[in-house]
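Residue numbers (our numbering), protein chains in the order written: chain A, 1 to 94; chain B, 1 to 94.
Read the hints as simulated data drawn from the structure, not as lab findings.
One thing to keep in mind: the hints can contain errors.
All copies of an identical chain are treated as equivalent in the list; a pair is satisfied when it fits inside any one copy or across any two copies.
Computed list of lysine to any residue pairs in SDA-like fashion (alpha-carbon distance at most 20 angstroms, straight line) [to be verified]:
(1) Lys37 - Glu92
(2) Lys81 - Ala67
(3) Lys80 - Ala34
(4) Lys4 - Ala17
(5) Lys52 - Leu79
(6) Lys4 - Leu25
(7) Lys37 - Leu84
2 protein chains.
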Amino acid sequence: MAVKALYFSERDGQDMALKNPEKMLFANKADADARDKMLELSEEILMFLKSKVDGLSEEHAEQCALAIAEERDLFLRALKKPSLLNQEAEAESE
Amino acid sequence: MAVKALYFSERDGQDMALKNPEKMLFANKADADARDKMLELSEEILMFLKSKVDGLSEEHAEQCALAIAEERDLFLRALKKPSLLNQEAEAESE
Numbered sequence: 001m002a003v004k005a006l007y008f009s010e011r012d013g014q015d016m017a018l019k020n021p022e023k024m025l026f027a028n029k030a031d032a033d034a035r036d037k038m039l040e041l042s043e044e045i046l047m048f049l050k051s052k053v054d055g056l057s058e059e060h061a062e063q064c065a066l067a068i069a070e071e072r073d074l075f076l077r078a079l080k081k082p083s084l085l086n087q088e089a090e091a092e093s094e
Numbered sequence: 001m002a003v004k005a006l007y008f009s010e011r012d013g014q015d016m017a018l019k020n021p022e023k024m025l026f027a028n029k030a031d032a033d034a035r036d037k038m039l040e041l042s043e044e045i046l047m048f049l050k051s052k053v054d055g056l057s058e059e060h061a062e063q064c065a066l067a068i069a070e071e072r073d074l075f076l077r078a079l080k081k082p083s084l085l086n087q088e089a090e091a092e093s094e
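Pulled out of the complex, with its shape left as it was, chain A reads as follows:
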């Protein structure tokens, strides 16, 4: 039988990836790369928010950073056209 590979981001680490395979374990390298890039962005946003906002907890800073990093493409468009950012959420709530 052939050998198959599974990929994960070192930013998640093997333990976490094995505990959360549906989100952190990938059959192809490109998806793992994409997650790794998203996590890198999230780490930078976390540092940025903690440096700018006094008293923001690590947990909240991490959740804010991840929420933005996971919606990177939407955020890119929204920085140019702010009304886009919450359009989907507003549509769902109607």
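Assemble chain B onto chain A, guided by the hints.
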């Protein structure tokens, strides 16, 4: 004598603008427009973060949103190249 105009964003409101003239009162319309656009972006980011992060206080959500909106151009670049986001802060701390 000629009449001169002062401009402020309605998102700040007249009272706040008069209390914080150096930040919210402008001799030219373009600067007031720029502030208004930044505040619009900040409001959208505030709504986005509050919808995504449970328990995030209004104050922290507002400070995170404003920090991002005030660094809009840097954020645009950082979404494509994350390491840019904290470069200035790191350079200052060296």
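Handout entry: List of violated hint numbers, smallest to largest
Key = 1
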